[in-house]
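Student: Since chain X is already given, all that's left is putting chain L on it; use the hints.
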Amino acid sequence: MKLKKEEIEHIAKLSRLKLSDEEIDKYRHELSSILNYVNALSQVDTKGVDPTAQVSGLKDVFREDRVISWEESEVASALSQGELEKGNVKVKRVL
Amino acid sequence: MSINLNELTIKLAREKLDKGEISSLELTEACLKEIESSNKELNACLSVYPDLAKEEARLADKRIKTGEKGELLGIPYLCKDILMTKGLKTTAASKILKDYIAPYDATAVKRLKEAGAVLLGKTNLDEFAHGASTENSAFGVTKNPHDLSRVAGGSSGGSAAAVAANMCIFALGTDTGGSIRQPASFCGVIGLKPSYGQVSRFGLMSMTSSTDVVGPITRTVADAEIVLRVISGEDEKDATSASKAHIREIKEVISQASPLLAERLKQEKNKGLSLKGLKIGLPKEYFAKDLKKEVKDLVINRANKLKEMGAELVDISLPYTKYGIPVYYIITPSEISSNLARFDGIGWGTNQEGANNLQDFYQVNRGLGFGSETKRRIMLGTYALSAGYYDAYYKKAQTVRTLIIDDFNKAFKQVDFILTPTSPHPAFKIGEQSNDPLAMYLEDIFVTGASLAGLPAISLPAGRVETSNKKMMPIGVQLIGPRFFDFELIELGKVLGDN
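Residue numbers (the working numbering), protein chains in the order written: chain X, 3 to 97; chain L, 259 to 757.
For reference, chain L alone in the conformation it holds in the complex:
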């Protein structure tokens, strides 16, 4: 074979599998080989299961031989280690769960399994998804495949690096405040954050329950669409997951404000998105004077490509953008402090001898088991929710959140989609940001808004910029759509292309 099988896209792999040119076992073995040769350096994977994967691949090959058709049948993938995978370690990259075996599959994982996708292993992340660089992992940072001295981004750094390094055909990540999009941007791959409620959160260890989503990291936009189709859909086990009827209802309300978009909704899927007259908003707050010129040029270049194809670029304003980070960093720690209260160390985790009573046991287990960023966030949240402070912090933040959501609602009455940079800069060096938690929080400046509003957003490679050590590092462009317009957003992404 002249092509390396592990470099295939889902679409190409599917063609070859269905034609019988390759087997899922060969595809899986190619990925496992790549993991074996580069994971020691990159540290993208926390656990790999060669025997299980090959067994799943053989089963997939049997299914293909019977003539079964399925877009993900036999396709190997890696899963962020914050999603439950039955019978396998699920650590959330934390010491407190270092030996924890998940007793059930997350719904997203279950749906992939039923579709015949082959699970290769679990990927590294910032502990409990707290971070933007994967430096907060208790098991070491994940290096950026394009420059080993730089981070892969976070919190889904392992998944993004693995896709960029061809360790798998696609990966699952999660995005709470940018954690799929930013690492995708740093690693030069595609990262899709679906609308909140599009994909079931059952089996996803909760971080910020009101913004958490599960989504794909892939090498092409078309691949991201395939994965989304398989994992999305209402789930009885997740009360915040949306039914088809609910999605239709929301989209109809939004379309009433935007007749052109409604037109397009009636178009046949195969025809793709027509750009003629499509309005793309460029929010001035995301292109401020201090945005690096090289980043701005690459992103505007992408906007101009859409313009060449018939779209209209519209300057818009999202005035409450600057409050996105403070809002997010009150709401997130608050919800985290509640969600992580369940980690009592009883029945698993680091067992601390010397704790004399239950209170001591909790305090020692959690104090030693959790990393510093996790503890920081738990304490921030506990403070923000405590008596006397709840109104001033949490309630105030949720109120300003309403204003941020309104900004987007107003914008989507003027334009159909929004285009912005994903990150103000390319991947930074390992250790560069980790001394200042606040500096790390500001990494999320362009990605927080879509999370707070529950909107679909995708990061696509926009080119590369030269960094201080003369490396050409990837930069991502972000497209944001109205709520539940995930598949239309993907169509727009396809127009911009995969690299």
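Just chain X, with the same shape it has in the complex:
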């Protein structure tokens, strides 16, 4: 199976990745080859087998619903690397 150029462009858009034409072509070949390889799984008989959701074996991990504020210095640090305006992080226009 070989992925089409349009499929790669669509996946790139979904992943929010801007790719050059060379990259689109490169990934088209590479992804096709990898998908062909992993397709070996389609041969495996998995009738009656449940998928693994997690291996931890834990169930219903809860904690008390109490509010613990982050240290102010940590909050300041987390917000310090962006462009702030009136306490809000500035981004490019959406539309």
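Among the clues, some could well be false.
[Stated by the list, open to error] Here's a subset of chain L near chain X, in silico, CB distances under 8 Å, partners left out: (1) Y581; (2) P584; (3) Y587; (4) G605; (5) L616; (6) M637; (7) V658.
[To be verified] Here are the simulated DSBU-like cross-link-like pairs (lysine-lysine), alpha carbons at most 30 Å apart as the crow flies: (8) K49(X) to K61(X); (9) K49(X) to K668(L); (10) K509(L) to K61(X); (11) K356(L) to K92(X).
Hint data in this document are derived by calculation from the structure and do not stem from the laboratory. Computed from a predicted structure; not experimentally measured. All C-beta atoms in this analysis are idealised placements derived from N, C-alpha and C, irrespective of residue type, glycine included.
Tutor: Same frame as chain X, now just chain L:
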């Protein structure tokens, strides 16, 4: 001093520190000196903090002087740059995070800090831990200290090389599909992958949430045990971390299937593991005809050592082994595509001028900020999870994963531990595998299984083989244990020895 302090093990350093023969400051300075002299060539460290480290060392020395006892008090270490270290750059070896300062400490780092370990700096890795050679780092490859033309392995290549080159006394790595064990094997050091849930993942930048673990890379097995004791344990901030009660419960269920192992559980810790009657499984799928004879001989030699000491070698089969790589390389990219969606470039990262709106901004920042392997995996995962493909890929892979886990469950009813090679070959040359992503994925062939099943696994040096350029390169033997039998696995590792 006739010995080089930076070559000490945790145990030896501890003795000397507690006796007052050396100070943590001297130990730290010795490591910093080694980093300064060899890091330019090896590129094991991405960032080093001499002043901070010396300050931490002085604090540790004060604590030691008050008579405080602690196994890691004053011991210098390096940390893989995918774990958050408060106030310090945490880049995941990616351009997109090249100036990112972590606002908090990962739990594993916090526990080491509280124990008095001294952080020297952060080590190199494959970008976002995607890789098996550290060639995917945005900041250059890490060279193997045993042969500079070869890779140090990956993704924890920097940590493994640093320990092998005596830049630190121990290092922290992470293992998602072999990333502690394989570089440890390539660099001739010990690499321990704890059971999933044994160590908190809080502060570890997520890659494959269902297999990621944090673990130690050390020069001795006893050292790995010390680090594990400090960093492991339930964490309120990681819902997948296991409590002591849960661990006990799981081990009891497993022991019911294996009475001999249950016997050993009752033995006193100090007596060590008795090998008499212990069953070691050798899975035939890991010793196939095409395994290099020199590698097979060294690994079987280790198995025979256990046999000489009273263990019984048992041939077993893990029939779904061959599906480990396809399963892993559907699940991993899928979880990656979700986990890396948060990297929007807002507030940090490469700021791209010219992007006119938010969509463009995301696409350009991510397109330019992420390296090619990362983008490859994000796209694979996006495809595998997308409408119409989810059942055929992700769900199918998780179902075959159940069969792989069952293989191990069945095996652990017949044997107590499993022994295999860590890697089919020694470290390859820089550039040798990097043109074919699939060839690179196959590097994980022996290490993926334990990751998918969440089992504890350790790689130990098994000897050296001669390579094409006449260098003798390290080979690792892997021991795998049942879920949460980490400390028993370590006892077995101690029997095999450190080199």
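Student: State for each hint whether it applies.
Tutor: Each hint, compared with the structure:
1. Because the smallest distance between the Cβ of Y581(L) and any Cβ of chain X comes to about 6 Å, under 8 Å, the interface hint for this residue holds.
2. Using the Cβ-Cβ criterion of 8 Å, the hint placing P584(L) at the interface with chain X is satisfied: the shortest such distance is roughly 4 Å.
3. At a threshold of 8 Å, the smallest CB-CB gap from Y587(L) to chain X is about 6 Å, leaving the interface hint in force.
4. Interface hint status for G605(L): upheld, as the beta-carbon distance to the closest one in chain X is roughly 3 Å, under 8 Å.
5. Against a cut-off of 8 Å between C-beta atoms, the interface hint on L616(L) holds, since the closest Cβ of chain X lies about 5 Å away.
6. About 5 Å separates the beta-carbon of M637(L) from the nearest beta-carbon of chain X, less than 8 Å, and the hint is met.
7. For V658(L), the interface hint holds, since its Cβ comes within 8 Å of a Cβ in chain X; the closest pair sits about 5 Å apart.
8. For the hint pairing K49(X) with K61(X), the CA-to-CA distance comes to about 25 Å; that is within 30 Å, so the pair holds.
9. A C-alpha spacing of about 19 Å is found between K49(X) and K668(L), which places the hinted pair at or below 30 Å, so the restraint holds.
10. Using a Cα cut-off of 30 Å, the hinted pair K509(L) and K61(X) holds, with the two alpha carbons roughly 17 Å apart.
11. Among the hinted pairs, K356(L) with K92(X) is consistent with the structure: their alpha-carbon atoms are about 20 Å apart, no more than 30 Å.
When held up to the earlier numbered hints, the structure conflicts with none and fits them all.
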